[in-house]
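Chains as they are written, first to last, in our numbering: chain A, 9 to 277; chain B, 9 to 277; chain C, 9 to 277.
It is worth saying that the hints were derived from the structure and are not from the lab. Fair warning: this is a prediction, and the values are worked out from it, not measured in the lab. Some clues are possibly wrong.
Note: identical chains are not told apart, hence a pair may lie in one copy or across any two.
With a straight-line Cα cutoff of 25 Å, these simulated SDA-like cross-link-like pairs (lysine to any residue) come out [claimed, not checked]:
id, residue 1, residue 2
1, K91, A61
2, K91, S20
3, K190, A161
4, K91, T14
5, K190, S224
6, K101, A114
7, K91, A160
8, K91, A114
Here is how the chains run, residue by residue.
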Amino acid sequence: MNEPTTHDDIWSALQDLRARRPLVHNITNYVAMSVSANVLLALGASPAMVHAAEEVEDFVGISDALCINIGTLSPPWVEAMGKAAARANALGKPWVLDPVGCGATAYRTRVSEELAALRPAVIRANAGEVQSLAGARAGTTKGVDSLAGADAATAAAAEALSRRTGAVVAATGATDYVADGKTRVAVEGGDALMPLSTALGCALSAVVAAFTAVRSPRQAAIAALSVYGAAGAVAARNCRGPGHLPAELCDALYRMDRDTLQREVRFSA
Amino acid sequence: MNEPTTHDDIWSALQDLRARRPLVHNITNYVAMSVSANVLLALGASPAMVHAAEEVEDFVGISDALCINIGTLSPPWVEAMGKAAARANALGKPWVLDPVGCGATAYRTRVSEELAALRPAVIRANAGEVQSLAGARAGTTKGVDSLAGADAATAAAAEALSRRTGAVVAATGATDYVADGKTRVAVEGGDALMPLSTALGCALSAVVAAFTAVRSPRQAAIAALSVYGAAGAVAARNCRGPGHLPAELCDALYRMDRDTLQREVRFSA
Amino acid sequence: MNEPTTHDDIWSALQDLRARRPLVHNITNYVAMSVSANVLLALGASPAMVHAAEEVEDFVGISDALCINIGTLSPPWVEAMGKAAARANALGKPWVLDPVGCGATAYRTRVSEELAALRPAVIRANAGEVQSLAGARAGTTKGVDSLAGADAATAAAAEALSRRTGAVVAATGATDYVADGKTRVAVEGGDALMPLSTALGCALSAVVAAFTAVRSPRQAAIAALSVYGAAGAVAARNCRGPGHLPAELCDALYRMDRDTLQREVRFSA
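The following block holds chain A by itself, in its conformation from the complex (with noise of 0.2 Å):
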């Protein structure tokens, strides 16, 4: 059964989420973390990097969402993404899995299922990772680009993916697809510039994690695609190439009303 999604339901969350100013603890790549706070910090959530095996489970402790990012991952992260999460479920607080590249090698595809087989509320991911974590199609990610399309085969494994492991799947590319294994929602926005400004993909899975502070995992999945493909739409029409994009981005993000929601984003069941 499709839970129908509105463009008010979007709006309400991100004025809610605006309102509670959640605390994000990431554990993310180092490419990532700049721009992922700095996304969090326009959207209107309070961002914290914390990867120390002896505190990150304080740290979950006081967070309200928690994002993991396994992008330049190694094994002291690895180790402390697993007493997170653990802690996290512990505490019934909600966690987002960005199994970056998984598929590209060995051991990046073993973290990811780990990873993935801790109970994550959310997955957010590429088309290929997507695939590769799903078992559609392993080993064939060409790094952390995907080159598969967000087409059928990527909805196919984000519905297959959610079902092996109980999270809502947040399957992105062209367009954005959230599976929780009974339902499926398309969401279109953003801007073919996008994947050449790095990381923007891995900012929001923090996004998404902001979300799950304020709604239900598939809420905030949709929630947070849809914000950002919205400000993503807005602030490419703002540059020239993809050097101000992150910049743009976060001024999209920070200035977001209702109107810009309506205008930039669509859904589909």
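Given the coordinates of chain A, work out where chains B and C should sit on it, guided by the hints.
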């Protein structure tokens, strides 16, 4: 005795810094590295990011000042921080401590206290961190964002922390306070947009370090807060949101002149 | 014998790079990661940052070129650098070395020398680093900023380093030199603002690596310096300071065309 500070003092310090081009050794967090380096370059200093225990002592030896920021701390980095601070003390070189998130976790508070005991020339922190490190109210920091206003309580905590550690304490917020145990100066500048761009406080700590190469710790802190606040105010007027603020801040630092300082900064004892 | 280089050669190399979209594996420093990734994306390459010893060899296997930059080195990273370089050699894949700060500390110099012995295709460095690694004057590098002019001494050191290591050496400064032991080309472009924005030299090393996927090491170095210098010159004209330079540089790379190359770059043998 409050030694009065004038705009001429600040301008003179900036001119000396630009002429000296001090090499500032940073052991800082992953989020702050790029923006700190860019801010230091725009200011007229020469930044370096060096954290391996194998070389921090050697690097202190060729540097003019050191900035230690615990934002994304972990044990190997904390070890290097201790070594670098000890070497700076041994060589009589000034160093600045930024105890990011002190009070948020037990680990962070303990490391902050250990480093604060190693005789930093200046401690630069937000209100919540200063209060936590001063012992005024432990454990109430919300991540790295301060909830407490930069008000009388902050100023009192800054004075207490300065008396306890011997460091000049620069507590930053809507109004900044520089306390050295005997004197206190308030510096007003900046813009409400600044906390919405990540790590600008961390970069300010690096700016304080740069000024310690050409002025006493107290004068360095006042000069840094003044120049940074003036640049932030100019930068924010060129922005429609926080996105372009770091770039505009660098441009404003690069172009800073006597008139802008006069216009944008106010002191009070 | 100097094989002459023409603007058509450079333009052809860039077109081939954009068509190939090479996957460039970077083991680089924390400061350079984001800007390197953005520069590579704007250029037309596909970047990845992968440093864990557990996966670097696998990742070299799926990459088209490798860039190793020691800017924020520590022992676990150095181990991974050695593994990755050895695997690249075993697979016949080109790799680029950026020995950041060689000469500043004993650790940095030793690691630079060890990596330089592992047969990089190109060594890209500033004048002081080239001179230190060439043995021309040890220990006089001031941090990561070069004091030495990119002059006759630099060119001579580049030639000596090339003969010693077998690598093409790209020594960058106000004028860039590409030496391969037998030939030398000077490339003039860029802007004096570029050294005031952090890690643009590091990002250039990644650009050299991208070009090695489509050209010989010598031609790759010349093409990279030319395209980057042209983009830097265009970018600087859009700036009032260094703040927006990285974004403008990305836009200029993204929009680079034949006429701009012709206008902005000069070669001399």
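Inset, instruction - Since the copies are identical, ignore which copy is meant and state whether K190 and A161 lie within 25 Å (CA to CA) inside a copy, between copies, both or neither. - result: within (17 Å within a copy, 54 Å between copies)
inquiry  = At most 25 Å between CA atoms: does that hold for K190 and S224 within a copy, between copies, both, or neither?
reply    = Within one copy only: 15 Å inside, 53 Å across.
25 Å Cα threshold - placement of T14 relative to K91: neither (37 Å within a copy, 52 Å between copies)
Quiz item: Between copies, within a copy, both or neither: which fits K91 and A160 at Cα up to 25 Å?
Solution: Neither: 35 Å inside a chain and 40 Å across chains, both beyond 25 Å.
Check: For K91 vs A61, is the C-alpha pair at or below 25 Å within one copy, between two copies, both, or neither?
Finding: For K91 and A61, the Cα distance is within 25 Å both inside one copy (7 Å) and across copies (22 Å).
> With identical chains treated as interchangeable, where does the CA-CA distance between K91 and A114 reach 25 Å or less: within a copy, between copies, both, or neither?
Replying inline: Answer is both: 22 Å inside a copy and 17 Å across each meet the 25 Å cutoff.
* Give the relationship of K91 and S20 under a CA distance limit of 25 Å: within one copy only, between copies only, both, or neither. => neither (33 Å within a copy, 51 Å between copies)
- Item | K101 and A114: within-copy, between-copy, both or neither at 25 Å Cα | Cα proximity of K101 and A114: across copies only (21 Å, versus 29 Å in one copy).
Checked against the numbered hints above, the structure violates hints 2, 4 and 7; every other hint is satisfied.
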